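**Student:** The residues making up each chain are set out below.
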Amino acid sequence: MSTEALPQKPTDPVTPHVPGVDDSATPRSPRGDTGRGRNLALGLWTALALTFLLAPILFMIVFSFNDNQGRFNFEWQGFTLKHWGDPFQNPDLAKALQNSLSIAVLTTIAATMLGTLLAIALVRHRFRGRTSADFFVFLPMASPEVVMGASLLAMFLVLGIGTGYVTILLAHIMFSISYVVVTVKSRLEGMDPHIEEAARDLGANEVTTFFRVTLPMIAPGVAAAAVLAFALSIDDYVITSFNAGQTQTFPLFIFGATRQGVPPQVNVLSTMLLVLVLLLMLGNVLLQRRLAKRDRISQAG
Amino acid sequence: MSLSLRRKMIPWWFAAPGLVWLIVFFAVPIFNQISVSLMSGDPEVGFELTWSFSTYADAVRDYHTQFLRSIGYAGLATIIDLIIAFPLAYFIAYKAGRFKGLLLLLVILPFFVSQVMRTASWQLILNDQGWAVARMQDLGIVSDGGQFLATGKAVVFGIAYNFLPFMVLPLYATLDRIDRRLIEAASDLYCSRFTAFRKVTLPLAVPGIFAGSLLVFIPACGDYINSSILGSSNTTMIGNVIQSKFLNVLDYPSAAALSFILMGVILLGIALYGRVLGTKNLTELAG
Numbered sequence: 000m001s002t003e004a005l006p007q008k009p010t011d012p013v014t015p016h017v018p019g020v021d022d023s024a025t026p027r028s029p030r031g032d033t034g035r036g037r038n039l040a041l042g043l044w045t046a047l048a049l050t051f052l053l054a055p056i057l058f059m060i061v062f063s064f065n066d067n068q069g070r071f072n073f074e075w076q077g078f079t080l081k082h083w084g085d086p087f088q089n090p091d092l093a094k095a096l097q098n099s100l101s102i103a104v105l106t107t108i109a110a111t112m113l114g115t116l117l118a119i120a121l122v123r124h125r126f127r128g129r130t131s132a133d134f135f136v137f138l139p140m141a142s143p144e145v146v147m148g149a150s151l152l153a154m155f156l157v158l159g160i161g162t163g164y165v166t167i168l169l170a171h172i173m174f175s176i177s178y179v180v181v182t183v184k185s186r187l188e189g190m191d192p193h194i195e196e197a198a199r200d201l202g203a204n205e206v207t208t209f210f211r212v213t214l215p216m217i218a219p220g221v222a223a224a225a226v227l228a229f230a231l232s233i234d235d236y237v238i239t240s241f242n243a244g245q246t247q248t249f250p251l252f253i254f255g256a257t258r259q260g261v262p263p264q265v266n267v268l269s270t271m272l273l274v275l276v277l278l279l280m281l282g283n284v285l286l287q288r289r290l291a292k293r294d295r296i297s298q299a300g
Numbered sequence: 000m001s002l003s004l005r006r007k008m009i010p011w012w013f014a015a016p017g018l019v020w021l022i023v024f025f026a027v028p029i030f031n032q033i034s035v036s037l038m039s040g041d042p043e044v045g046f047e048l049t050w051s052f053s054t055y056a057d058a059v060r061d062y063h064t065q066f067l068r069s070i071g072y073a074g075l076a077t078i079i080d081l082i083i084a085f086p087l088a089y090f091i092a093y094k095a096g097r098f099k100g101l102l103l104l105l106v107i108l109p110f111f112v113s114q115v116m117r118t119a120s121w122q123l124i125l126n127d128q129g130w131a132v133a134r135m136q137d138l139g140i141v142s143d144g145g146q147f148l149a150t151g152k153a154v155v156f157g158i159a160y161n162f163l164p165f166m167v168l169p170l171y172a173t174l175d176r177i178d179r180r181l182i183e184a185a186s187d188l189y190c191s192r193f194t195a196f197r198k199v200t201l202p203l204a205v206p207g208i209f210a211g212s213l214l215v216f217i218p219a220c221g222d223y224i225n226s227s228i229l230g231s232s233n234t235t236m237i238g239n240v241i242q243s244k245f246l247n248v249l250d251y252p253s254a255a256a257l258s259f260i261l262m263g264v265i266l267l268g269i270a271l272y273g274r275v276l277g278t279k280n281l282t283e284l285a286g
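So the sequence lines, in the order shown, correspond to chains A and B.
Using numbering that gives the first Met the number 0, you'd call the opening residue of the first sequence number 0 and step up by one each time.
Using numbering that gives the first Met the number 0, you'd call the opening residue of the second sequence number 0 and step up by one each time.
Be aware that a few hints might be false.
[Stated by the list, open to error] DSBU-like, lysine-lysine: derived pairs with alpha carbons at most 35 angstroms apart: (1) B:K198 <-> B:K99; (2) B:K94 <-> B:K7; (3) B:K152 <-> A:K292; (4) B:K99 <-> A:K292; (5) B:K152 <-> B:K99; (6) B:K94 <-> B:K152.
[Unchecked claim] Examples of chain A residues toward chain B, derived with CB under 7 angstroms: (7) I108; (8) L113; (9) V122; (10) F254.
The hints are simulated quantities; they were obtained by calculation from the structure and are not laboratory data.
Remember, predicted model here, so these are calculated numbers, not experimental data.
Here a beta-carbon is modelled for each residue, glycine too, at the ideal position from N, C-alpha and C.
Next up, chain B with everything else stripped away, as it sits in the complex (with noise of 0.2 angstroms):
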């Protein structure tokens, strides 16, 4: 072998073993499940590949109600989570002086925690008996002698719980980064506060906030982990149906159906993402 065909080929040798294993179980898997969304039969008997392309007619016939709540409860957590992360991503990137470190620290921690363990503590924190639901009903957000677990509301305040961090470090990232002289530029111009946030602070910080809701929606579209400690039967989620469908049910054509319609309803979002941004600026920011 001549020496500039090895020096060529020395890249390949660094990305192969790493390729590899990602185009086996991540790519070859992924594929493989069009196929099994194909097939049809029963767990009994076997599976063949039949091209019914009627799985994925029934999957969206009898779960829209499913799908249609996943995409609300992750809609809804976004939208939560956008909300209480952008004052707090803004105060550790401009106010926090020399704890900033020690903010996002905290910021991470609980992913130190696993969020199985995380959503049990709040099934406990949140049981009907409990001070917090006892202050919830003081409140009003609770009636009298009602729960608040086994509720939507406890399914979309777990999924915002468990993605916070999520949505709060792109828009840290994207905030900390912004040149303050621009912003400063604003007000030796004569912009109020609020004028130079709302056009030089706030625009800067668009692709955080897309990064930070695709960080956050994404994973709690198929997420069925809240759903399952902290919600009912009323709350199912698509996740759940997959779960259950692959592994109580066996049904594995449409779980496969039902996991590829969601992977493409997530693919449409990023597709659209990298439409508004570049998909450059979307693999940046989520490192």
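Only chain A is shown next, with the shape it has when bound in the complex (with noise of 0.2 angstroms):
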């Protein structure tokens, strides 16, 4: 999968290539051409890209800020902190952001336990149906929202199953699965099975050798898997707005108010779930520096 391991051989045999430094600048091709000028439009399209993907969520932070008279919060009136001050004012905006949560976080309990399960047994054993199995879980990543929604709504229906908090969190978890799979998948894949294998061979059992060898080797990419699920399942609204009832999540509650005017706080509200987000994915990669580091450690004594 990765490029990285592959050696860097320099074409230039005077200027050796810097492992980390940029040299497409100098001159690589007979014909002398620094392409300078290509590397500028290049980085300013670059920029560019960035901004559009980057603006609507500057926006958002910004106008969490916003001194704002009336409904629509776009024009800027002035700098104030009373929003985030008072972020749960609105009782429906606090159910809404309280359900979400709740949700995800056992989305991302329970996705990833069937999720990593999944994910060992398509790559560590082969099995029969194992191709079928491996292409039935890529499914639901390739079906369009709206058809997952509306199928798992009629079959609610036909069972008389009444829609809610729970059908939220059935279809939470159904959607997440998959991408739990994919990232423990790829993790599973760079991994040496004889070291597992050892560990049989020295006398552990299926059990021990999970919890003892296996786990603690994937547990980066299962770090990574829970996060995404957490992330799916606090951001959907397509699937969700199909299997709600009268619940209201987060992203529900949004949607209903871009009519009326999405008031600041849920502005305030979307910047904290960043943050949030953001030092979980943090914590992730710093635990495993810390890991790979300890192995290191581990592989010089």
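Reconstruct the complex from the two isolated chains, following the hints.
**Tutor:** In structure tokens, the structure reads:
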């Protein structure tokens, strides 16, 4: 998967390639084409594209500090911290966010467990129907959300199950599993299966091997998958809108609010959620670094 | 139970809980949807399975405009995303040096804010009296005194925005995987930079272009958030129709038929893709 391991052979024998330094500005082709203008254009394009991607997020954060008058919060009317001081002013909004958070946490736990076990089965074991199972797991990611949401609602209707908190949770776990499987699988595929075989040869049974060897080794992948599941669940609008019944979630509340003007408290809470997910990601990266360091030390010692 | 049989069952113990969940809440609903689409009746009396295939014919007849519009909007957004994403992914893969990780984080950052929230932000940024629309009027993109919101342009804009990261990531992954020595070899053999790009980099990037296009096109076809928030009744997409039939009109059979036709169109796309590159590639690239 990764190309980092490939040796970078310098084309120019005089100036050796320094790892981490971009030497693309030095002439490579015998025609002596520097391509500096091209690089500048490319860099400019990148900056513009990133500005486009981040503009609405920046807008959202800035306007959480806007002292807005009236329903619509798009004209800058002065700086205020009052929305940050009282983000849960609207009880419906507070309830919606609470639902979203608890659904996301439960989804993360369930989908990460189910998906990790499934990924291990798909990568580590050769069994009949493995290829079909692989393809089947991929299907939910390739289906339009509106189709999945509508189909689930139709099934709940046929079975006479009322929609609400529980049905949202069932749906979120369903669409998160595939993403967890894909994330954990890519971690597993880069791992040496002989280590687990060695554990078994040394007398560890399947359960011990799993908890003492496999799980610690794939932990970073599992953590990344958990963050992904959390982000997917807390963000989902389409599938939720079909299966929510009278229950409100944070995205459903915002969607409803777009018609009458989104209150600035929504900007505040969205910004808080963004920071929360970024912190979770940062925590995962730091954890991985620590684990990698520990591995290096134990290997050296 | 013999030991060898127990060992054989182990992968199933691992796979079963997740697979059962996916079967019950993904596969069964989809198959159930087939039978719903062949029912007839109305919400007052209830629906009954009557094998009425005419629902499909009626759905195509009544909503072909929305189907074509969905495919058109999704196709346009896919092309726009490809144009925006290719240079961006190229820059991150080849020129970003040690800022690679940071730039990739910025590309996925929008995922950490609800799609509805981001679209709502665009709705406010692009409001008729706002700065952005005034600039677009200066540039002639929007007629003087005209609006950008509630037009097809705004919906395509929103879709292109929302699914852009899905185009950037597989493109980046494919470009980053290309063995640089191949490109260097091309220039050693007196290829101009442009020829080397056209004859080496671009063909090797094709799997990424396909994967990215599918990852944008599929969700874009079924999208209705952008059309609801940024569009008007003249920009209704098939997702809007399915949603309102399911949740407001309660015409389940025709909503089910519509979502099946949509699914069929998309599966056809995936099958064509599989023909070109093999499904293994697709699942790999999606990750």
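**Student:** State for each hint whether it applies.
**Tutor:** Each hint tested on the structure:
no. : hint              : in the structure
1   : B:K198 <-> B:K99  : holds, 25 angstroms
2   : B:K94 <-> B:K7    : violated, 49 angstroms
3   : B:K152 <-> A:K292 : violated, 51 angstroms
4   : B:K99 <-> A:K292  : holds, 22 angstroms
5   : B:K152 <-> B:K99  : holds, 32 angstroms
6   : B:K94 <-> B:K152  : holds, 33 angstroms
7   : I108              : violated, 13 angstroms
8   : L113              : holds, 4 angstroms
9   : V122              : violated, 10 angstroms
10  : F254              : holds, 5 angstroms
Going down the numbered hints, you'll see the structure goes against 2, 3, 7, 9, while the others check out.
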